[in-house]
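Chemist: Here the protein sequences come in this chain order: A and B.
For the first sequence, our numbering begins at 1 and goes up steadily by one.
For the second sequence, our numbering begins at 1 and goes up steadily by one.
Don't take every hint at face value.
Pairs of lysine-lysine residues, derived as DSSO-like cross-links and limited to a Cα-Cα distance of at most 27 Å, are as follows [as the list claims (entries may be wrong)]: (1) A:K188 to B:K93; (2) B:K106 to A:K188; (3) B:K105 to A:K188; (4) B:K101 to B:K70; (5) B:K101 to B:K67; (6) B:K94 to B:K105; (7) A:K188 to B:K101; (8) B:K94 to A:K188; (9) B:K67 to A:K188; (10) B:K89 to A:K188.
Examples of chain A residues lying across from chain B (beta carbon under 7 Å, computed) [stated by the list, open to error]: (11) G89; (12) T166; (13) T199.
In case anyone wonders, no lab produced these hints; they're calculated from the structure.
Just so you know, even glycine gets a beta-carbon here, dropped at the ideal spot from N, CA and C.
Here is what each chain is made of, one letter per residue.
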Amino acid sequence: MKVFTRLSVISVLVSLLMACGGGHGHDATGTVQLENNNSSLSIREFNLSPSYQSSWGANQLFEPLLAGLTFEISSVPVGDYDVRAHVRGEFSNYSTYVYDIPVFEGDIVTVISSDSGYTGSVKIVNGTIDSNITAIYISPSSSTTWGGNQVEADIVPSGSIHLFDTDTGLYDVRIVWDVGSDTFYYDKSIESLSLLTLTAS
Amino acid sequence: MKYFKITTALISFLIITNIVIAENHRTRANPDVNAEARNVEDRVNDSSLFISINPGDNAVEMSSNSKRVKNNTVTTLATGLVQAQSNRKDVVKKYNRFSDKQGEKKNKKNI
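Could you put together the complete structure from these sequences and hints?
Modeler: Below, the structure written as structure tokens:
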């Protein structure tokens, strides 16, 4: 009788453990597909990061994803995710983003990267022979403020700063020199997959 | 003698004015260079030239708008990006995303 009671207690405990999630057999997952609808560039890096995370995490690709192809990650735990794809062009590097994608159990979620969705880049060259650029402000034309300084150290004559990962649109640029008045550019278009070069003097 | 003094004063004035102007003047390295240039990556505009898979109902289009700042990983650096360093002549750097809470007010009307 004692043995029977012990066995009963053990089986109840095991049942309770299983009911509390002790079994590992069935985590709810979905699938995320990345489609490279970009016409010419290969995706070098693909990050799939839970929305609550502060880091993009590791590159999910084993090799560059060629244009027109799709890459799939299965067994993605359900939840909300942020996605970033990154390409390296001839002139600069560009990224495309999407945030808070819900992945439900059994779902296949497709994220599409296309030419128009990528960031652009801007390069500013010091076109003088005797003056340093001490600060650069690049702010959307629609904004009423200049935002933060993009320069961490003076840019010397014929030197340059190449800024990538800029959202596309119209921008105002203000260049501050160690000599003379500031240089302004207004309504300069930063476009997807392109590098805008401004030679300031 | 009177004219000599006036001429001397005039010449001195012009020299000093030129020095002051020169101090606030920047010299262009190459006056003939085009101040603005755009390099566009090679793109195939004809979509029929590459295979596109029907994305289905759950498809989401990606965009250039990075609304959330996340840390880069080591693998990002390995793809060829160079972090900003001081004392470098040509710096490659990620654009600091614009924040309306920073910086001076624009005053376009005065320009």
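Chemist: Give a verdict on every hint.
Modeler: Evaluated hints:
1. Taken as a hint, the K188 (chain A) and K93 (chain B) pair is honoured in the structure, with Cα atoms around 19 Å apart against an allowance of 27 Å.
2. Of the pairs offered as hints, the one joining K106 (chain B) and K188 (chain A) holds, with about 16 Å between alpha carbons and a cut-off of 27 Å not exceeded.
3. For the hint linking K105 (chain B) to K188 (chain A), the alpha-carbon distance of about 19 Å falls within 27 Å, and the restraint holds.
4. This hinted pair checks out: K101 (chain B) and K70 (chain B) have alpha carbons roughly 19 Å apart, not beyond 27 Å.
5. Under the criterion of a C-alpha separation no larger than 27 Å, the hint pairing K101 (chain B) with K67 (chain B) is consistent with the structure, at around 15 Å.
6. For the given pair, K94 (chain B) sits about 23 Å from K105 (chain B) by alpha-carbon distance, which is consistent with the 27 Å threshold.
7. For the given pair, K188 (chain A) sits about 22 Å from K101 (chain B) by alpha-carbon distance, which is consistent with the 27 Å threshold.
8. The hinted pair formed by K94 (chain B) and K188 (chain A) meets the criterion: a straight-line CA distance of about 18 Å does not exceed 27 Å.
9. Restraint check for K67 (chain B) and K188 (chain A): the C-alpha separation of about 21 Å stays at or below 27 Å, so the hint holds.
10. Taking the CA atoms of K89 (chain B) and K188 (chain A), the gap is about 24 Å. The hint holds against a cut of 27 Å.
11. About 4 Å separates the beta-carbon of G89 (chain A) from the nearest beta-carbon of chain B, less than 7 Å, and the hint is met.
12. The beta carbon of T166 (chain A) is positioned within 7 Å of a beta carbon in chain B (closest approach about 4 Å), and the interface hint is therefore held.
13. Among the interface hints, the one on T199 (chain A) holds; its C-beta lies about 5 Å from the nearest C-beta in chain B, closer than the 7 Å criterion.
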